[in-house]
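For this one, chain L is given, so just place chain V on it according to the hints.
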Amino acid sequence: EAGVAQSPRYKIIEKRQSVAFWCNPISGHATLYWYQQILGQGPKLLIQFQNNGVVDDSQLPKDRFSAERLKGVDSTLKIQPAKLEDSAVYLCASSRAGLSSYEQYFGPGTRLTVT
Amino acid sequence: AQSVTQLGSHVSVSEGALVLLRCNYSSSVPPYLFWYVQYPNQGLQLLLKYTSAATLVKGINGFEAEFKKSETSFHLTKPSAHMSDAAEYFCAVSEGQGAQKLVFGQGTRLTINP
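Chains as they are written, first to last, in this note's numbering: chain L, 1 to 115; chain V, 116 to 229.
The following block holds chain L by itself, in its conformation from the complex (with noise of 0.2 Å):
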């Protein structure tokens, strides 16, 4: 069975600058989490899908972040404009869908930098 998938695997943008990141969860999984890890620090939950809708997204900085879910499968996370702040490690999770749900597979992240 495949991983997560994640691209790029490194990005160096500057600041005010868009950029876009791409995650292919394992086949089947309805539930799909993006989360930011800031260096030193644990994940921290972006935004949450179920299927194509958003189930949680109320830590996600609206007025710079973006993440859509088409069709259900990949998903998009973009940020523009980028800050310094922003410079972190962006992690894609996938999980199988319901209550008994026990563990998120996480794919290898995107790191990102912007100067």
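Calculated from the structure, these hints are not laboratory results. Please note that the accuracy of each hint is not assured.
[Unchecked claim] Restricting the straight-line Cα-Cα distance to at most 30 Å, the calculated cross-link-like pairs of lysine-lysine (DSS-like) are:
(1) K164(V) - K44(L)
(2) K183(V) - K216(V)
(3) K15(L) - K164(V)
(4) K216(V) - K78(L)
(5) K83(L) - K11(L)
Leaving out everything else, chain V in the frame of chain L:
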């Protein structure tokens, strides 16, 4: 809201020694608790999980953790450290059912001395 505190951002042990990584949680409901490991430049991998069954949970790579409700703790242990155990370890609590809406601790970096 649920929260997790990991005591010690950096733990160093000798190869063959006991590994003990501490995690305390705060939860208003019976929690689901998790330990994840992160190797450099990789995503997180589940080590073990507590889902209200047995309080002593065994995971991969020889790790285990014990859920202690009275102490609100879920410490991770391994009897004998191996060089390959060097990594970042994260404790997490679920705010929802199952593995939904994980809240992570700040992590503990484990270093193994030869």
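Open item on the list: Can you confirm whether the C-alpha distance between K183(V) and K216(V) stays at or below 30 Å?
Closed with: Roughly 22 Å separates the two Cα atoms, so the pair holds.
- [ ] Could you grab the alpha-carbon distance between K83(L) and K11(L) and see if it respects the 30 Å cut-off?
- [x] Holds - the C-alpha atoms of K11(L) and K83(L) are around 14 Å apart, at most 30 Å.
TODO: Please work out if K216(V) and K78(L) have their alpha carbons no farther apart than 30 Å.
DONE: OK: K216(V) and K78(L) at ~21 Å, within 30 Å.
Open item on the list: Would the hint linking K164(V) and K44(L) be met if the CA-CA limit is 30 Å?
Closed with: 19 Å, holds
Open item on the list: What's the verdict on K15(L) and K164(V), does the C-alpha distance respect the 30 Å limit or exceed it?
Closed with: 39 Å, violated
Comparing the model with each earlier hint shows a violation of hint 3 alone; every other hint is respected.
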